[in-house]
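So the protein lines, in turn, are chains A and B.
Using numbering that gives the first Met the number 0, you'd call the opening residue of the first sequence number 0 and step up by one each time.
Using numbering that gives the first Met the number 0, you'd call the opening residue of the second sequence number 0 and step up by one each time.
Everything labelled a hint here was simulated from the structure, so no lab data went into it.
Since we're looking at a predicted model, the values are computed, not measured.
Be aware that one or more of the hints could be misleading.
Heads up, the list lumps identical chains together, so a pair's fine if it works in one copy or across two of them.
Think about it this way: if two alpha-carbon atoms lie no more than 25 Å apart in a straight line, the pair counts; the simulated SDA-like pairs of lysine to any residue are [what the hints assert, rightly or not]:
1. Lys205 to Thr16
2. Lys199 to Glu302
3. Lys166 to Arg142
4. Lys199 to Met149
5. Lys199 to Tyr87
6. Lys139 to Gly78
7. Lys192 to Gln296
8. Lys216 to Glu289
9. Lys205 to Ile93
Listed below, chain by chain, are the residues.
Number of protein chains: 2
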Amino acid sequence: MANKLHITVVGSAALDTIETQSDHADNALGGSALYLAAAASLFAPVHIVAVVGDDFDMDQIEFLKERGCDLSGLEVAPGKTFRWHGRYHADMNIRDTVTVELGVFEGFSPKLPRAAAHAEILMLANIHPDLQEGVLEQMKGKRFVAFDTMNHWISGTRSGVESILKKVDLVLLNDEELALLVGGNSIFEGAAKLMKMGPKYVVVKKGEHGSVFFSQKGVPFLCPAFPLANPKDPTGAGDSFAGGMLGYLAATGDFDPMNMRRAVVYGGVVASFTVEEFSMRRLETLTEEEVHERYRQFIEMTEF
Amino acid sequence: MANKLHITVVGSAALDTIETQSDHADNALGGSALYLAAAASLFAPVHIVAVVGDDFDMDQIEFLKERGCDLSGLEVAPGKTFRWHGRYHADMNIRDTVTVELGVFEGFSPKLPRAAAHAEILMLANIHPDLQEGVLEQMKGKRFVAFDTMNHWISGTRSGVESILKKVDLVLLNDEELALLVGGNSIFEGAAKLMKMGPKYVVVKKGEHGSVFFSQKGVPFLCPAFPLANPKDPTGAGDSFAGGMLGYLAATGDFDPMNMRRAVVYGGVVASFTVEEFSMRRLETLTEEEVHERYRQFIEMTEF
Chain A
0 MANKLHITVV GSAALDTIET QSDHADNALG GSALYLAAAA SLFAPVHIVA
50 VVGDDFDMDQ IEFLKERGCD LSGLEVAPGK TFRWHGRYHA DMNIRDTVTV
100 ELGVFEGFSP KLPRAAAHAE ILMLANIHPD LQEGVLEQMK GKRFVAFDTM
150 NHWISGTRSG VESILKKVDL VLLNDEELAL LVGGNSIFEG AAKLMKMGPK
200 YVVVKKGEHG SVFFSQKGVP FLCPAFPLAN PKDPTGAGDS FAGGMLGYLA
250 ATGDFDPMNM RRAVVYGGVV ASFTVEEFSM RRLETLTEEE VHERYRQFIE
300 MTEF
Chain B
0 MANKLHITVV GSAALDTIET QSDHADNALG GSALYLAAAA SLFAPVHIVA
50 VVGDDFDMDQ IEFLKERGCD LSGLEVAPGK TFRWHGRYHA DMNIRDTVTV
100 ELGVFEGFSP KLPRAAAHAE ILMLANIHPD LQEGVLEQMK GKRFVAFDTM
150 NHWISGTRSG VESILKKVDL VLLNDEELAL LVGGNSIFEG AAKLMKMGPK
200 YVVVKKGEHG SVFFSQKGVP FLCPAFPLAN PKDPTGAGDS FAGGMLGYLA
250 ATGDFDPMNM RRAVVYGGVV ASFTVEEFSM RRLETLTEEE VHERYRQFIE
300 MTEF
C-alpha cells in the first residue's frame with residue numbers, strides 16, 4: 000500500500016446535551032470536526048481545524064491525539080465552547096433542537112497550519128459557505144474536496160452554497176437537504192441535478208435505510224445500512240459516515256469508482272458503530288480491526 | 000435446468016379503482032392472486048385459485064392464459080367481483096381505503112383442482128386464516144409454502160394466523176405487520192421472534208427502501224430496492240414481489256439460501272416494474288428478458 004494520504008477536516012467542536020426517549024448525555028463531546036476526525040483517524044492521518052472555548056477540557060480528546068490527529072489547528076478562544084442540546088423522538092429520524100449556544104464558534108475564522116493546508120483530502124463540514132471558501136483558498140495542492148452543508152445555509156446563503164459546489168468533488172447530504180437544494184421527484188433525479196452544478200460525486204444518506212452513491216459516470220451504487228438491533232443515539236452518524244469514507248479513501252489512495260463504493264460501505268460501517276452508544280463514546284474505543292470485521296459481515300449480508 | 004416446479008396461488012381477484020395525486024385508474028385488474036400470477040408466470044407454470052363475479056370480463060386476463068396460467072381454479076360465482084377503491088397520499092407509502100365491496104369474495108371457499116393441489120409451491124395470499132388452513136389440507140405433496148397476511152387478520156384472528164405460521168416455510172410481510180404480529184424494537188428483533196413461531200424464512204418488505212430476507216440459519220440478506228425516477232402506482236407491489244420471488248424459485252428448483260437471496264432480488268425487480276404503471280398494466284406486457292436485464296443492472300448497482 001502506498002503512503003497514506005492526509006485529511007484536513009474543518010468544522011465544529013461542541014459539547015452536546017442529547018436526550019432520547021430512554022436515556023441522555025450531558026456536555027458530551029460533539030461537533031462535526033470531532034466526529035469526522037474520530038472516524039477518519041481510524042484509517043489515516045487527520046488534521047483538525049476547529050475552535051473551542053477556554054472551558055473545554057482537552058483531556059476529552061486525548062484519544063484523538065493518541066490516534067495521531069494533528070491538533071495544532073484546534074484554536075482555543077476566550078469564551079464558551081459551542082453547545083447544542085437536542086431531543087430525539089421515538090422515531091429517531093426526528094429530533095428537535097432544544098437550545099443552541101454558538102459561543103466561540105460564532106467568531107470562528109479557520110486558519111490552517113501549514114501541515115493542514117498541505118493535506119491531499121479536505122473535508123468541509125457544515126459551516127458558513129464564506130468560511131468554506133476561505134478554507135479552500137488556504138489549501139495547497141489538494142486532490143479531493145468533500146463538502147457537507149445544512150438546510151440553514153441552503154435557505155439563507157444559497158448563492159454561497161452554489162459557488163462552493165463548483166469547487167468540490169463530493170457532496171454528502173441527506174434526502175431532505177437534497178430536495179431543498181435542487182428539488183426533484185426522487186433522490187435519483189435530485190442527484191443528477193446536483194452533479195450538473197459541479198460535484199463529480201454525491202452521497203445521499205438515508206439513515207437506517209442506507210445510502211446511495213452517485214457518480215457522473217456510471218450507475219448509482221445502492222448501499223444498505225448495517226443493521227442494528229438497538230440503536231441508541233444517531234448524533235454524529237452523518238459525520239462519522241463521511242469520516243469513515245474519507246479515511247478509507249486516504250488509506251488506500253485509490254479514487255477509482257469501485258474503491259469509492261467500498262469507501263461508502265466503510266462510511267456506513269463506521270456510522271453504525273457511532274449510533275450504538277451516546278455521543279462519540281463508541282468511536283473512542285473503536286479499532287480499525289473491529290471496523291474491518293464488520294465490513295466483512297456486511298459483505299456476507301449483501302452477497303447474492 | 001431441471002423441469003420447472005409448479006406454483007399454486009390462492010387469493011383475491013379484484014377490480015380496483017386507484018387514485019394517486021396525479022392520475023387514476025377505474026375498475027382496473029387487481030387482487031393478490033392476479034398480481035401474484037402475473038408476476039410468477041413470467042418464470043414458471045401457475046395455477047390460480049380465486050373467485051370472480053359474473054360481471055368479470057375474462058378478456059382482461061387473456062394475457063395470463065397466454066403465459067400458461069391454469070385458470071381452472073378461477074371460480075365464476077353469481078354476483079359482483081370484489082372491488083377496492085384506494086387513494087394514495089403524496090407520500091405513496093400511505094394510502095386510504097375509500098371503499099371496499101367484497102361481493103362474491105365474501106363467500107369464497109377455495110376448491111383446488113387436481114393440478115393445483117399437486118403444485119410443489121403454494122402461495123397463500125392474504126385471505127382469512129381458516130380458508131388458508133383449508134387450502135393447506137387440500138394440497139398434496141407440497142414442498143414449499145409461502146404466506147402473506149394483513150393487519151386485519153393479525154388483529155382479528157390472531158390464533159388462526161399463529162396456527163398457520165407453524166405450517167409455512169416463508170412469510171412475506173411489511174414492517175408494520177411484523178410489529179403488530181410480534182412487536183420488537185427493530186425488524187431484526189421482530190424477524191427473529193417470528194421465525195421462532197415456525198417459518199424458516201421471513202421477508203420484510205420496506206417499499207422504496209428495499210427488503211430484508213431472514214433465514215433461521217445464517218445472517219440476514221440486505222436487499223435495496225431497484226431505483227425508479229417516477230413511480231406511478233404502488234398497488235400490487237408486494238404481491239408482485241412475492242410472485243417474482245416464487246417464480247424464480249420454481250424456475251430454478253433451488254432452495255439453497257444463496258439462490259433464495261437471488262429470488263429476493265428477482266422479487267424486487269419484478270415489483271419495480273409493477274409500480275411503473277397503474278394497476279398491472281406493466282406486468283401485462285413485461286417479458287422475462289426485461290426482468291433478467293434489470294436484474295443485471297441491479298448487480299451493477301450493488302457491486303463493490
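> For this structure, which hints from the list above don't hold up?
Replying inline: Violated hints: 5, 6; rest satisfied.
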